[in-house]
Structures are given as C-alpha cells and as structure tokens.
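Visitor: Those protein sequence lines, which keep their order, are chains A and B. Its first residue numbered 0, the first sequence is counted upward by one per residue in numbering that gives the first Met the number 0. Its first residue numbered 0, the second sequence is counted upward by one per residue in numbering that gives the first Met the number 0.
In short, the hints are calculated from the structure, not lab data. Among the hints, a few may not be true.
To be verified - Straight-line distance between alpha carbons at most 25 Å, and here's what the computed BS3-like set of lysine-lysine pairs gives:
| # | chain 1 | residue 1 | chain 2 | residue 2 |
| --- | --- | --- | --- | --- |
| 1 | A | LYS104 | B | LYS236 |
| 2 | A | LYS72 | A | LYS95 |
| 3 | A | LYS72 | B | LYS236 |
| 4 | B | LYS282 | A | LYS10 |
| 5 | A | LYS44 | A | LYS85 |
| 6 | B | LYS124 | B | LYS114 |
| 7 | B | LYS236 | A | LYS59 |
Stated by the list, open to error - Okay, the calculated beta carbon distance ranges per label pair:
| # | chain 1 | residue 1 | chain 2 | residue 2 | range |
| --- | --- | --- | --- | --- | --- |
| 8 | B | VAL9 | A | ALA33 | 30 to 36 Å |
| 9 | B | SER212 | A | ASP123 | 47 to 53 Å |
| 10 | B | TYR19 | A | ASP123 | 52 to 58 Å |
| 11 | A | THR23 | B | ASN107 | 31 to 37 Å |
| 12 | A | THR23 | B | TRP122 | 42 to 48 Å |
Stated by the list, open to error - Some chain B residues close to chain A (C-beta under 10 Å, calculated; not the full set):
| # | residue |
| --- | --- |
| 13 | VAL40 |
| 14 | ILE42 |
| 15 | LEU96 |
| 16 | LEU145 |
| 17 | PHE290 |
Heads up, the beta-carbon is just placed ideally off N, CA and C, and yes, glycines get one too.
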Amino acid sequence: MANNKMYDKGKIVAGLVIFAVMITFPFWFNLGKAAPAPELKLTEKAKAAKECVLEKAEMKAGHMQLLDIWREKVVREGSREYVNTKGKTYQMSLSKTCLDCHSNKAEFCDRCHDYASVNPYCWDCHIDNPKEKK
Amino acid sequence: MNSKYMFSLVAVIILFLLAYIGIETAGLYTLFGIWIPYAAVFIFAVGVVYRVVDWAQSPVPFRIPTTCGQQKSLPWIRHASIDNPAENNNVVLRMFLEVVFFRSLFRNMRFDFNKGNKFSYEWEKWLWVGAIAFHWTLFVVVVRHLRFFTEPVPLCIQWLETLDSFLRVEFMTDFLQIGLPGVFMSGLVLLAALIYLLLRRMFIPQVNYISFSADFFPLFLIMGIALSGLFMRYLAKVDIVAIKAFTMGLVTFHPVIPEGVGSVFYVHLFFVSILLAYFPFSKLMHAGGVFLSPTRNMANNSRAERHVNPWNYPVKVHTYEEYEDEFREKMIEAGLPVEKELTNGG
Numbered sequence: 000m001a002n003n004k005m006y007d008k009g010k011i012v013a014g015l016v017i018f019a020v021m022i023t024f025p026f027w028f029n030l031g032k033a034a035p036a037p038e039l040k041l042t043e044k045a046k047a048a049k050e051c052v053l054e055k056a057e058m059k060a061g062h063m064q065l066l067d068i069w070r071e072k073v074v075r076e077g078s079r080e081y082v083n084t085k086g087k088t089y090q091m092s093l094s095k096t097c098l099d100c101h102s103n104k105a106e107f108c109d110r111c112h113d114y115a116s117v118n119p120y121c122w123d124c125h126i127d128n129p130k131e132k133k
Numbered sequence: 000m001n002s003k004y005m006f007s008l009v010a011v012i013i014l015f016l017l018a019y020i021g022i023e024t025a026g027l028y029t030l031f032g033i034w035i036p037y038a039a040v041f042i043f044a045v046g047v048v049y050r051v052v053d054w055a056q057s058p059v060p061f062r063i064p065t066t067c068g069q070q071k072s073l074p075w076i077r078h079a080s081i082d083n084p085a086e087n088n089n090v091v092l093r094m095f096l097e098v099v100f101f102r103s104l105f106r107n108m109r110f111d112f113n114k115g116n117k118f119s120y121e122w123e124k125w126l127w128v129g130a131i132a133f134h135w136t137l138f139v140v141v142v143r144h145l146r147f148f149t150e151p152v153p154l155c156i157q158w159l160e161t162l163d164s165f166l167r168v169e170f171m172t173d174f175l176q177i178g179l180p181g182v183f184m185s186g187l188v189l190l191a192a193l194i195y196l197l198l199r200r201m202f203i204p205q206v207n208y209i210s211f212s213a214d215f216f217p218l219f220l221i222m223g224i225a226l227s228g229l230f231m232r233y234l235a236k237v238d239i240v241a242i243k244a245f246t247m248g249l250v251t252f253h254p255v256i257p258e259g260v261g262s263v264f265y266v267h268l269f270f271v272s273i274l275l276a277y278f279p280f281s282k283l284m285h286a287g288g289v290f291l292s293p294t295r296n297m298a299n300n301s302r303a304e305r306h307v308n309p310w311n312y313p314v315k316v317h318t319y320e321e322y323e324d325e326f327r328e329k330m331i332e333a334g335l336p337v338e339k340e341l342t343n344g345g
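Using the sequences plus the hints, can you model the full thing?
Guide: Here it is in structure tokens:
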C-alpha cells in the first residue's frame with residue numbers, strides 16, 4: 000500500500016461489498032437461528048423392537064446403501080431374505096420391513112432428509128404406503 | 000520426475016497426514032474442526048480485501064484495452080462493440096462474457112507447422128473445455144455445499160441438486176455400490192477436469208516449462224478436496240446429519256464437535272481451510288484480479304475522450320500568445336508576421 004490513494008474507489012468498494020455479502024451469506028442467512036440435528040420420533044413398535052436391522056450408527060449413515068443392495072437382491076436376484084450379523088432374518092422390503100416399524104415417515108424419514116436436503120426417489124413409488132400414519 | 004510437481008504433491012500429502020494424524024492419534028478435534036476453519040475464513044476475507052485494495056492503489060494512466068475487432072469509427076463502418084468496446088455498457092457485457100464463459104480463452108489457438116513447413120494456426124479448444132468444466136463444476140460444488148450451511152435449505156439450492164443428480168448413475172458389484180446416495184455429476188466432472196489440467200501441465204513440454212509449484216499445488220489440493228469428498232459420499236457414507244449439525248454450529252457461532260464422524264471429514268475440512276487461507280496469497284486471486292484487468296475493463300475511447308494521466312504534475316507553459324505579447328515590437332521591427340498588430344502606436 001504505497002501511496003494510499005485508491006483509484007475508481009466507488010467501483011472497488013461496490014465490488015468488495017458484493018464479495019463480503021456473498022462470502023458471509025451462511026452467517027447472515029442463519030442469523031439468530033439455531034439448527035441442531037432434528038429429533039427423531041420412534042413409534043411404539045420401533046421402541047419395542049429395540050434394535051434395527053443393523054447397528055444404529057450404521058443405519059444412520061448407511062441405510063441407503065442397504066436399501067440399494069436389498070433392491071438389487073430382490074429385483075435382480077429374486078432373493079427376499081436378509082440375515083443380519085446377529086443371525087436374525089428379515090424380509091428385504093422397504094414397505095413391509097422398514098416402514099412396518101417406522102410407519103411415521105413424516106417424523107422419522109423426512110426429518111433428516113429435509114434437514115440434509117435429500118430427496119430420495121424411494122418415495123416416487125413407496126409414498127402411498129397404506130401403513131403410514133400421520 | 001519433476002521437482003516442481005513433486006514438491007506440491009508432497010506438500011499436499013504432508014497436509015493430509017497432519018490432519019489425519021492430528022485427529023486419529025492426537026484427537027485435536029477442536030483445533031481442526033473449529034479453530035482452523037474460522038481462522039481460514041478470516042484470512043480469506045481479510046486477505047482478499049487487502050489484495051484488491053492494494054491493486055486499486057495502482058493507477059492505470061492510459062487506456063490499454065486489448066482490442067479484437069473494429070474500433071468505433073465512422074457510422075458506415077461496422078463497429079465490433081464487444082471486442083472493441085467504446086462505452087461502459089459494452090465493457091460490462093465483454094467482462095461478463097469473459098468471467099462467465101472465458102471468451103478470450105475460447106480464441107486459444109495452437110501454432111504448428113502444417114503440411115511440411117507451412118506455419119499455421121490450429122484449432123485448440125481443449126484448454127477452454129477443461130477450464131470451463133473445472134470452474135463451473137467447482138462453482139456448482141461450492142453452491143451445493145450451502146445445503147450444509149443453511150436451514151431451511153433455499154429452494155434454488157435444492158433445484159441445483161436435482162439438476163446435478165439428473166443423470167442417475169447406478170453401479171453395483173459385490174464390493175462396490177454406487178447409486179444411493181444419488182450421484183452428482185459436478186463432483187466427478189470436477190475431478191476429471193482437474194486430472195486433465197494436471198496432465199496437461201505435466202506432459203505438454205511447453206506448458207510444463209512454464210509451470211511451477213504454485214501452479215501444481217492448488218491442483219493437487221483441490222484434487223485432495225474432491226477425492227476426500229467423493230470418498231465420504233460414495234464409499235465411506237458418513238453421517239450427513241451429524242455433519243450438518245456441526246457446520247450449522249459453525250455458522251451460528253455455537254460450534255459443537257460431532258460424534259462418530261471419521262478422520263476423512265477432518266481431512267476434507269482441513270484441505271478446504273488450507274485452500275481458503277492460501278487463496279489471497281496465490282495465483283487463485285485471479286478470481287478477483289480478472290475484474291481489475293486494465294486490458295479488459297476499459298473502454299477503448301481514447302480518441303473520443305481526453306484522459307489525463309493522474310500523476311501529471313503542472314507543467315510551466317509559455318503559450319504563443321504570451322510569446323507574441325513579449326516580443327511583438329521586435330518581431331514587427333524584424334518584419335516577422337504577427338497575429339495582433341500594435342495598437343495605439345505604443
């Protein structure tokens with residue numbers, strides 16, 4: 000900063016203001032808001048079952064992978080039985096197994112999906128699950 | 000082997016090990032998760048402003064736009080208004096096309112001896128393709144990441160995600176499952192473009208000759224960011240909700256370290272922090288500099304308007320009128336023509 004005289008000061012300042020507004024967007028967009036991870040509601044049936052197909056942490060991060068593998072097995076290979084690490088057998092079905100316990104899609108599936116802005120195409124077909132309770 | 004890119008590659012590997020070991024063995028979650036990201040954003044913001052203000056103090060005394068077409072002239076000569084802008088709105092249009100579509104790079108050509116010894120200009124668009132693919136996908140990836148920094152997520156970001164995952168890439172073998180979560184094209188194109196830009200610098204001799212560590216380092220660093228990101232999304236499947244709770248904590252100034260998020264996330268975050276902190280000191284500042292390029296941001300109007308050099312000092316002048324006033328009598332005596340005759344005989 001040699002001589003401290005700025006040329007085209009108006010344009011430079013305008014550009015810097017735009018830059019500042021852009022990079023601070025996440026800060027002012029969420030100003031005064033707290034957005035912790037959403038609380039999930041378990042149905043009575045899910046509470047009674049106590050455990051899911053896999054460990055909770057594994058289900059939380061990797062349930063989509065499991066569902067994708069299930070679909071492959073059922074649709075391409077015609078096998079419908081899944082045995083988990085504990086030796087328990089489940090039917091490989093989103094509607095009949097997952098949504099049987101987690102019948103509260105709006106309070107279970109959607110809360111995290113909305114939070115993480117995920118829009119899975121599962122619901123393109125499975126949305127009309129008759130077991131869903133609102 | 001080339002010491003220039005090996006230096007940058009080793010630097011990125013050391014950064015990776017720093018974050019990985021720092022988390023895995025030393026457990027420095029607060030340092031890598033909170034302090035370094037905040038410091039990096041601060042350095043980025045202040046550094047960029049400092050550089051731009053510094054540049055703004057350099058005067059540009061003359062109109063030096065690069066002209067690539069007919070200058071504004073007589074009314075019956077067609078004026079290339081974008082390539083040789085005479086007015087500010089044309090300059091803005093030219094600048095927009097330059098920043099958004101890299102118009103000048105599109106003109107890139109290769110000189111070659113075609114058919115024996117005939118010198119010719121050859122079609123060369125690969126650099127433009129690679130550059131535009133890289134910059135646009137990087138932009139899309141950055142904007143997409145705003146889903147971690149906004150709650151509720153704005154609709155336009157959700158639209159961008161829908162558009163980005165338009166091609167439903169699905170792939171399944173016994174050891175690899177790709178398809179859920181949905182594949183975003185931008186991440187893959189970004190990595191491909193980076194690899195192309197890197198190989199270009201490595202294997203084209205002329206380009207390799209003018210490439211330095213400062214050119215390779217951002218390529219390797221952004222590659223590290225892309226690889227760690229792709230790894231988390233498609234292979235490791237990290238707990239995305241825990242990560243969003245963490246990033247939201249950062250932007251609302253109540254940072255909380257998430258539980259059960261692996262070291263790769265901290266590597267990703269550390270790489271991004273390094274990129275942000277490195278940005279103002281590096282060639283990456285071309286992002287701000289492009290707006291300040293005098294060869295692009297000036298109207299070519301020096302024949303229509305008078306531009307005064309800002310550092311001109313006042314020159315002592317002695318005009319012809321003053322000269323004649325001083326020597327009029329002597330001039331008339333010597334028989335020289337004068338503009339104003341002597342009045343009242345004096």
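Visitor: Could you run down the list of hints and mark each one as holding or not?
Guide: Hints, one by one, checked against the model:
At most 25 Å may separate the alpha-carbon atoms for a hinted pair to count; LYS104 of chain A and LYS236 of chain B meet this at roughly 22 Å. For a cut-off of 25 Å, the pair hint linking LYS72 of chain A to LYS95 of chain A stands: about 16 Å separates their Cα positions. Taken as a hint, the LYS72 of chain A and LYS236 of chain B pair is honoured in the structure, with Cα atoms around 20 Å apart against an allowance of 25 Å. Of the pairs offered as hints, the one joining LYS282 of chain B and LYS10 of chain A holds, with about 23 Å between alpha carbons and a cut-off of 25 Å not exceeded.
Pair hint LYS44 of chain A plus LYS85 of chain A holds up; C-alpha atoms about 20 Å apart against a cutoff of 25 Å. A hinted pair counts as satisfied when its Cα atoms are at most 25 Å apart, and LYS124 of chain B with LYS114 of chain B qualifies at roughly 21 Å. The straight-line distance between the Cα atoms of LYS236 of chain B and LYS59 of chain A is roughly 10 Å, inside the 25 Å bound, and the hint therefore holds. A beta carbon spacing of about 42 Å between VAL9 of chain B and ALA33 of chain A contradicts the range 30 to 36 Å that was offered as a hint.
At roughly 49 Å, the beta-carbon separation of SER212 of chain B and ASP123 of chain A lies within the given 47 to 53 Å, and the hint holds. Roughly 39 Å separates the CB atoms of TYR19 of chain B and ASP123 of chain A, a value that falls outside the hinted 52 to 58 Å. Look at THR23 of chain A against ASN107 of chain B: about 36 Å separates their beta carbons, and that is inside 31 to 37 Å. Roughly 44 Å separates the CB atoms of THR23 of chain A and TRP122 of chain B, a value that falls within the hinted 42 to 48 Å.
Because the closest C-beta pair between VAL40 of chain B and chain A is about 8 Å apart, less than 10 Å, the hint holds. A hinted interface residue such as ILE42 of chain B counts as satisfied when its beta carbon comes closer than 10 Å to some beta carbon of chain A; here the least separation is about 12 Å, so the hint is violated. The beta carbon of LEU96 of chain B is not positioned within 10 Å of any beta carbon in chain A (closest approach about 18 Å), and the interface hint is therefore violated. Evaluation of the LEU145 of chain B hint against chain A yields a held restraint, the C-beta minimum of about 7 Å falling below 10 Å.
With a least beta-carbon distance of about 6 Å to chain A, the hint placing PHE290 of chain B at the interface is held under the 10 Å criterion.
The structure is inconsistent with the numbered hints 8, 10, 14, 15, although it conforms to all the rest.
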